[in-house]
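Chemist: We have chain B already, so just place chain F on it with the hints.
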Amino acid sequence: MLCYLDNSATTRPSQRVVQAMIDCMQEGFYNPSALYAPAVAVEKKITACREAIALELHADASRVIFTSGGTEADNLAILSLLSERRGGRVLFTAGEHPAVRAACEALKNSFDVKEIPYDRYGIVDLDALLDLLTPDTRMICVMQVNNETGAIMPMKEIADLRDRVCPNALLHVDGVQGFLRLPIDMKALGIDSYALSGHKIHGPKGIGALVYSERTRIVPRELGGGQEKGLRSGTENVPGIIGMYEAIHTFPRENEMRKQKLHLYERLLEICGENLHVNGPQPESEFSAPHILNCSLVPVRSETMIYALERDQVFISGGSACSSHKQKISAVLSAMNVQRKVAESALRFSLSPYTSSEEIEYAAGCIARHYDLLKRYERR
Amino acid sequence: MRQLILIRYGEIYLKGLNRPYFLHALVDRVKQVAKPFGGKVWLHDARLFVSDMTDMEGCMTAVSRVFGVHSLCPAIEMDKADFTAICEQAASMMEGITGTFKVDARRSDKRYPMTSPQINMEMGGYILEHTQGLSVDIHHPEHVMNVEIRDHAYLYVRVIEAVGGMPVGTGGKATLLLSGGIDSPVAGYCIAKRGVEISAVHFHSYPYTSERAKEKVITLAKQLSSYCCGIRLYIVPFTEPQLTIHEKCPEEYGTLIMRRFMMRIASRIAEKEGARALITGESIGQVASQTIEALCCTDAVVPMPVFRPLIGNDKIEIIHIAEKIGTYETSCLPYEDCCTVFTPRHPATHPKLENVERAEQGLDIESLVQAAVDGAELIEV
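Residue numbers (this note's numbering), protein chains in the order written: chain B, 1 to 380; chain F, 1 to 381.
Don't read these hints as lab results, they were simulated from the structure. Keep in mind that a hint or two might mislead.
Quick list of the computed label-pair ranges, beta carbon to beta carbon [to be verified]: (1) B:Gly365 to F:His350: 39 to 49 Å; (2) B:Ile329 to F:Asp299: 32 to 42 Å; (3) B:Lys341 to F:Ile284: 25 to 35 Å; (4) F:Ile97 to B:Val18: 56 to 66 Å; (5) F:Ile97 to B:Phe29: 47 to 57 Å; (6) B:Ala102 to F:His346: 38 to 48 Å.
Computed from a predicted structure; not experimentally measured. Every residue, glycine too, gets a C-beta built ideally from N, C-alpha and C.
This is chain B alone, in the form it adopts within the complex (with noise of 0.2 Å):
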């Protein structure tokens, strides 16, 4: 059985979304900039697409840019700053994707740039948030969901904070992990750029979006042709662009994600008893997503679990998948204060709206029996 538990890495474009981009490449290759009818067509489905992004993000259609993805959605909005004269203050929360560490950290030359730390379940800590508002503040990165623990960020509390202490400042969220899984309302809360991307909800690889506010100022970094009223020149990605919008149409909204992680969760505690570590809040919590569950299974390495449970066919993953290459400690766990030894076991599991009972009990079958085995060897 082949059971895919890395879902925050990347899912499985659906059935539905791999024939919508192959009759959009088939009979809908048309450049929606073209004059003649098919032409129209295809641009009708680009707005279809902008129009649903913008519904479920209480957002207005006319401010989707489609990007290349998350990564590229994440530098737009924040880099868009680079034409801001007048300096300040930028934060960005401790456990950031490197797409937005990056880019934040690049403006250290012109802004105040400064990290908002975690609290132990991978929270951002409110009151140091709160030392750190400045009235000079220009910009406030938070993600909705971090990629690696699960959690979810008080995004109303900082919006707050943000409204109190210095209501100019802009407020990016980066949605990669949250898009889809949970709801959240642009307008009401006063987000002022958001990022998505299309992989990481069934859809392809090679697309994404921001959605901006209407205070929002974006600067292009793409010169060329005007496509997206100029702020991302390039023809449009259209079968990405289709393929996405089949995703966000037929992604199961009602499903038993939170309750499958529950159902893992409580296997994995009946295999390594108290040397189960949590890292981030409580698989029940309100602020852990319904998706990701995160943690250790004390004394077994990471890598040593991953790799037995591979030739099982199950695929998990340990930090995120772009630091599997880098032999470190995760930052965000780092943020967090977890110690070294249980840092080094943890594992992401990252459902699926698909993922099954089937699936889980399986993979808890094979985790006991590699956990009995290898927890006998434990490493000095």
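Modeler: Just chain F now, kept in the frame of chain B:
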């Protein structure tokens, strides 16, 4: 007139009666690497030539990696009768080059009507007249226009240094212990350079080491094999011996006993391969298992010589060679190899052989070694 590669060999030239044996091996190796480029290879008058290759630069890179080749030159071969035509060609080859130059003629066809000094003067004069930005300096020229008068005339300016050494296969066979690190590929390179045919053994400790670690070693072996004309790589399942050692032996001897197992397994495989020696990338004092005392303990279980070409090298020197031969970047990929899986906190740095042997007493060495040898997977790269 045609373009070809002129190849010069070094040390083989010093060989006496058995020179043809070495030359044959060299021709075979050059043929092997020139084949994918469609190149024709022949030996004439103490030079090797390659002609008709589809990709000159690609073929030269491949040839420059053949052990036994000292240097190579992209050359023009033309009829030697018309000296003016030769001079014209020489001048056209010097076009665009500025600075000082000289002509260096060699006349192995002694019936040719001009002597070497005459050729030097005449051609030098012609080049000076027909190009710009060049002046003559016969003592320290920046560029040399080489002319060889043999059955044809051969002209070349660019000389590419090659790897040197002796043709692979002329120095017997040895088996390399190939980890994923920086040192072992370099050690393999150094020994292969002396004409030794290499097979390699890698120890894989699944699930403590990954598929990626194994892929990394296969990549390293491929990189090395571009010099060695093919490597037979054995991937040995090493988890069982490692876990047994970890469980049953005193911690401080863990690494040393592991090294002894690796040596035992590698020498069994070497015997199977007809190899007469082992090669490792060890260097004195680099880690605890590489002190002289530790090396004595590992050597005690090997029934054949162990070559350690890097024994006196600093890490930085080893890195330089690794960069030159193109294995450094791959070696630096961070996938763990079996050597570091169960590293003791305080390994014994001055072990006594009798203590190590005592520490091994509880183990069924023979069956662990045999199972590992039997389970080895052979990959030819």
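Chemist: Would you mind marking each hint as holding or not holding in the structure?
Modeler: Structure-based check of each hint:
no. : hint                             : result
1   : B:Gly365 to F:His350: 39 to 49 Å : 48 Å, holds
2   : B:Ile329 to F:Asp299: 32 to 42 Å : 39 Å, holds
3   : B:Lys341 to F:Ile284: 25 to 35 Å : 34 Å, holds
4   : F:Ile97 to B:Val18: 56 to 66 Å   : 58 Å, holds
5   : F:Ile97 to B:Phe29: 47 to 57 Å   : 52 Å, holds
6   : B:Ala102 to F:His346: 38 to 48 Å : 40 Å, holds
Taken one by one, the earlier hints all hold for this structure without exception.
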